[in-house]
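Go by the hints and put chain B with the ligands onto chain A.
Chains as they are written, first to last, in this note's numbering: chain A, 1 to 328; chain B, 1 to 746.
Since no wrong hints were added, every one of them can be taken at face value.
Listed next, with one range per pair, are the computed distances between beta-carbon atoms:
1) A:Lys39 with B:Arg170: 52 to 58 Å
2) A:Pro134 with B:Leu17: 47 to 53 Å
3) A:Glu201 with B:Asp28: 37 to 43 Å
4) A:Ser236 with B:Asp28: 28 to 34 Å
5) B:Tyr674 with A:Met250: 41 to 47 Å
6) B:Gly33 with A:Gly20: 40 to 46 Å
7) A:Gly65 with B:Met198: 47 to 53 Å
8) A:Lys39 with B:Phe393: 53 to 59 Å
9) B:His436 with A:His273: 24 to 30 Å
10) A:Gly65 with B:Asp28: 52 to 58 Å
Here are a few chain A residues that face chain B, going by a calculated C-beta distance under 8 Å:
11) Arg127
12) Leu231
13) Met235
14) Ser236
15) Pro311
16) Leu312
Since the hints were derived computationally from the structure, they do not count as laboratory data. These numbers come from a predicted model, not from an experiment. We put the CB at the ideal spot given by N, CA and C, even for glycine.
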Amino acid sequence: MRNFDYQRAGDVAEATALHGNDHSADFIAGGTNLIDMVKLDIMRPQRLVDVNRLPLTDLESLDDGRLKIGALVTNTDLAYHERVLADYPVLSEALLSGASTQLRNVATTAGNVMQRTRCPYFRNPARPCNKREPGSGCGALEGINRNHAVLGTSEHCIAVHPSDMCVGMQALGATITVEGPGGTRDIPFEEYHLLPGDTPEREHDLNDGELITHVTLDAPIDGARGHYLKLRDRMSYEFALASCAAVVAMDGDAIREARIALGGVGTKPWRSHEAEAALSGQPATEETFEKAAEAAMAGAVAHRDNAFKIPLAKQAIVRALATVTAQG
Amino acid sequence: MTESIIGHRTTRIDGELKLTGKADYAADHNLPGQVYGYPVPSTIARGRLVGLDLDAARQAPGVIEIVHRGNFPALQHSDNNPACGSEGRLFHSPNTMAEQNKVGEARLPFEDDGIHYEGQYIAMVIADTFEHARAAARLVTARYEEETAVPGLFQTDDEGEEAGDEAVSRGDPEGAFESAPVKFDHTYTIAMETHVAMELHASNATWDGDRLTIYESTQGVVFQRNAMAQIFGIPPEKVTVIAHYIGSGFGSKLFMWPHAVITAVAAKMVGRPVKTVLSRQQNFCSAGNRPASRQRIRMAADRDGKLLSIRHDSQNETSFVDAYTESVGSGTPRVYACDNVSVSQRRVQVNHGTPTSMRAPGEVSGSVALEIAMDEMAIELGMDPLELRRRNFAERDPSADLPWSGNHLRECWDDASRRFGWEKRNPQIGSMRDGHEIIGWGMADATWEAMRSHCKARVELRADGKVQVACGTQDIGTGTYTIVAQTASELTGVPLERIEVKLGDSTLPAGPLSGGSMATATTLPAVAGATRDAIEQLKQLAIADGAPFEGKEADALTFENGTLSDGSQTLSFAELLDKLQRGMAEGEASAAPGEEQDKFSFRSFGAHFVEVRWDPGISRLRVSRVVSTIDVGRAINPLTARNQVEGAIVMGMGMGMFEETEYDSAGNIYNNNYADYIVPVHADIPDIEVELLDNPDYNFNEFGVRGIGEIGITGMAAAISNAVYHATGKRIRDMPIKIADLIASR
Ligand SMILES: Cc1cc2nc3c(=O)[nH]c(=O)nc-3n(C[C@H](O)[C@H](O)[C@H](O)COP(=O)(O)OP(=O)(O)OC[C@H]3O[C@@H](n4cnc5c(N)ncnc54)[C@H](O)[C@@H]3O)c2cc1C
Ligand code: SF4
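Chain A extracted, bound-state conformation (with noise of 0.2 Å):
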């Protein structure tokens, strides 16, 4: 059988002590992706280094107007914050939109950063995927991919990032803060995730050892809306097929400042510069929701089951724009 120690940190120093930079140590916070992944036998841990006890719970609001969320907060309490439904309801419709009740109440803001792709191939130690096991190739390219992504894709990996927070996250900006053996980094949200290139094992800017303290989320945009729309099969408990968050400022009848970042289509959480170029100064009418989403939408790649995924990205932006700037 494959045992593994367990051990508890009671502080942060103590969890990057124990962990180490062993790369066969694991820290465990709510476990809904980690152990879903030990009991499929795709992640072989030897030591798990228990997270929970840290006192990394707190959302503290800074004097600069960011908010500062530790990296044990659950998802629930996240999305429920006053704070987070004040001045930041698109990271609340994103976190919500996500799972189910049950999972969001032990999900925690850490473990959705780090949770990893659902491919299928990626999940099942019978096929091959570079990801799991870099150099094997990659079943989903000319297998079954319906569900993958369109952006961001490389002919290593097509796996899409599955997070809806993340999405939320990334159109508001924020930093990331880790701790290791080597001090504490703060890391630009926007960098945090790797695209696959020719590393798709590499999926995060965290060396072995490095443990999420915060996630710190920007200032709100003055006078900004915000919106989250998911796109998918069934309504609920589901991953997205394309989502998108936007966040609008607007000045009069123009878009004073857009931020666009969509899921369920890349192969991370995906900030849109270009649709938010397309926006900004622009009046808020459909035909330019449309350019954003042309040109968000330019570089997207198809294989042979998710070309519906490019205009459906489309769609949910357009939407997303549509709802957030009509909002009284």
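Structure of chain B with the ligands alone, referenced to chain A:
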């Protein structure tokens, strides 16, 4: 008791046991000394197993034995071995229930070195704990000679083999088609589906000498007993199959699958009870599926909408190790009046696990094509789709030249269309709007044959004042315990709290499979007969020498509300038995279909009216309303009956919009779990307004019931597709309807 409890909304008598976790499902049983089995599945779809390296697994902690081709005993085939020529049809020869046997897959485990589908068992590890067994199973390595798989019906040119006994022909369908003024020729497909019953398949087997006891999640304890007896070459009396509670099956648990045989062999080998619970992934591969089907319909009518010809030619997938026939066209010759009809069925071998019955097998698939075709014909004619159906109402069963015992389809149409508001439908495509959404209205008919088989039952009136009913059928979650209790309560006048029902044990008097919507119509007449017999036995005891009613005529005694009376003296049965110092009065009965089968055609009908909302701006399709009226004769328990229809409607939504077991071009399964195999969730389920007509069918049995588990799913996917056409102008003939099919219609 004055008010009849039959026909009364009655909450499940086993509800509390289920809510408190006391209901014992197969995997809940833990036997002394028990060890655990964990199967090793093939990871390829087709080829030959040329090597199996068991060394690492043998040395793993806790491993007791590994069962595989090299040490598996020779066993006998069940009756549906295709080599014996039987096509193993399910419901149409049920007269010998107590002797029949059939398994889900004719090939015995490890019988040859061929790999016929992914997930086929190549070994089973037996270990002291589940975790040890699973871990060791992952250490088994196999060497294969891989061959190119046939990944599915839609990826092969193979026309398949004709299933001769499915062929129907009347009149001159070809000639009538050629000369008809309005006609079309369309092809429809339905993806493979998997039952995904909540409860996983599980077996727990133990031998006592040459006696086998097995706890199994099964829809047929008697069938499985017979199959086990035949396979192991022992008399059926030496096999006991127990399934007290079942977390549904939808057909996947009608016939035993290979894991049960391997588990029983393993228990014999290690001399201890062995428990095997299949993983969800394994449930997808080797425990049945609804095979994908392709259907060609050629339909013709005159300008008034009178159907002139229907030809319905279908293919279904089967495996390489059994010959499963999906009777896709079986409803087609019967539902509508049409003089020229032909039906054919072919089986195409693919590298999937063997298909099996899945809720309304055959007819539901056929109904998708036929009921979409009816809608297409209505469009061709510029006629309201309901009106087209009215014009083709079958006054008699056109396939059997028999009168219907009761065809209340017209009432169903009237009732459901009125409640739905069908007359307000604007036939113009895309004409009904609400904000971003386009509303589509569609309808389809539902139908399912009424079947009945043999059943025995035993009833005990007991000195403790309780009535115990025993029957070797089972309750798969539909409410059989409750309706059996209602029946005994009705006939004895004893309240439900004092009725005990024993089901799910093959040592009880032989009862039917829980399948084909026949359990109720089959079981209740036997329960009633046994109850009456028990009352008669009680009377005989009461009038015997020295008994309280000595010297009276049995007929002069009345039995009401649990008491026996001759007019002057009244005794409860408990008091009487107490006085007689007897534990019980026991009755038995056996019931079977009779000559009514030659006089009438028994079939249920209904109609679904569906509203969809299509938001073209975001390609979102939702079912927003379902109004259905169904006639199934009498509903013994309207609460659980309605529950069956509602559940079937939801499952029909799954068929129409979500469910698809996907295999990639290598023949490997892609979505073998609840996250990736999409079924409707609560948020998808709209208002469902079901009305059950109350037209007891006393020709069929004394209770007037025809069975209700399956009819609700028939027609549903077609009604959705028809509503989608009304909203979008897109005719979707391939189920399930996917976003990609609709997105361009913006
Ligand atoms: C059925 C199902 C449906 C789902 N649907 C959705 C959905 O629709 N949308 C969506 O967005 N998500 C969905 N999810 C995913 C869910 O959001 C994640 O499982 C969850 O957020 C993970 O959080 P956790 O705390 O349980 O992480 P864990 O499982 O504990 O950990 C996940 C990973 O994060 C690492 N980790 C944990 N904490 C830290 C830390 N502080 N620093 C560094 N690494 C850390 C772990 O080592 C592990 O690798 C679904 C999950 C399931 C099971
Ligand atoms: S898409 Fe990526 S995760 Fe999926 S099989 Fe290919 S390499 Fe693996």
